[in-house]
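Enquirer: Generate coordinates for the entire structure from the input sequences, incorporating the hints supplied.
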Amino acid sequence: MPVLQHLCQVLYDSAFGTAIRESDYAFSIIESVHVLGITVLFGTIAILDLRMLGLVLRRISVTRVARTVFPITWTGFSIMFASGFLLFWSEAAKNYTNPAFRIKIVLLALAGLNPLIFHTSVYRRVQEWEVLEISPWRARAAAIASLTLWSGVIIAGRAIAYY
Amino acid sequence: MWLHTWFMALGHSSLGHAMQTSKWDFAVVEMVHLLALAILGGSVLIVDLRLMGLILKGESARAIGRDLSRLLIGSLTLMIISGIALLSEEAGKCYYSPAFRWKMALLATAVTFYFTLHRRALLQTDKGIPTPWCRVAAVVSLTLWLGVGIAGRAIGLL
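Those protein sequence lines, which keep their order, are chains X and S. Position 29 (the first sequence) corresponds to 29 in our numbering; numbering is contiguous. Position 102 (the second sequence) corresponds to 102 in our numbering; numbering is contiguous.
If you are wondering where the hints come from, they were derived from the structure by calculation, not from laboratory data. You may find that some hints are simply not true.
Stretch by stretch, here's where chain S covers chain X in the computed footprint (C-beta under 8 Å, at least three residues) [what the hints assert, rightly or not]:
(1) 26-37
(2) 47-57
(3) 67-80
Backbone N, C-alpha and C define an ideal beta-carbon position, used for all residues, glycine too.
Expert: Next comes the structure, spelled out in structure tokens:
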């Protein structure tokens, strides 16, 4: 058995994972919190993406919008990550072989890589373009990638339950 | 009762039939519903935090509200359309579900509030510091929308 699969099985068999799985309400409640977390995350980062595309809040500079949404986005991310880990804990062995789960993890990694590239490239010279109503094409590309990848994460996440 | 007749007709329509028989039809509509929810939630959050005076101070609350209202109304429309399709899957059951009735009542209240008192609070605040009443309007708005979400989640659980 691959080491990763073994690890998933250990989590799945643990007392805590079993307790979540066998409780009447735990899984549903954690899942609801997870949806709330991703709503806060995606809903706020989408506003920054749409700002860079020139679709909303054109009069406010990109840096002002970014500084406003980042703390909220990170809060959403923390809620999503913590609740997501608990959900994974209780279903790890099943998730390991679930194609939707695997796609979700890949999309999540790409969605995380995107801001890393963005912040070390075009965003470094943001002072030059922050007040433009429509951001330069590299920023727009990052915005479209962000919208697409996070949508993909949500879609794949929902699909986990269907496999 | 006429409302019950409507629910039954929706459940027996070709839309209802497709949603009841195809697993993936239902799944795809659910995904659309979730994506629209995220956009709606984000817009509500940003507008209400501005109305509370917590973010984007000095920027016009009126302009932010107007700008994000396009996102809010667009995603709300998408949620209602996908919601009707989801409803058609088990319309008969939803008609009697307390969670569904709560959700509809809260949704009607949230939408009415958004177009009346909430709108007035945004206009009144504009670039200034919100009055206590405007802050209350923001809290009421957040609570109502969150209530719609929680009641919606409960439909599948109760």
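Enquirer: For each hint, tell me whether it holds in the structure or not.
Expert: Results for each hint:
Counting residues of the stretch 26-37 of chain X whose C-beta sits closer than 8 Å to any C-beta of chain S gives 4, which meets the bar of three, so the coverage hint holds. Proximity of the stretch 47-57 of chain X to chain S, defined as three or more residues with a beta carbon under 8 Å from a beta carbon of that chain, is established by the 4 residues found. Note: the stretch 67-80 of chain X has 3 residues with beta-carbon separation from chain S under 8 Å; the three-residue rule is met and the coverage holds.
Violated hints are absent here; each numbered hint is respected by the structure.
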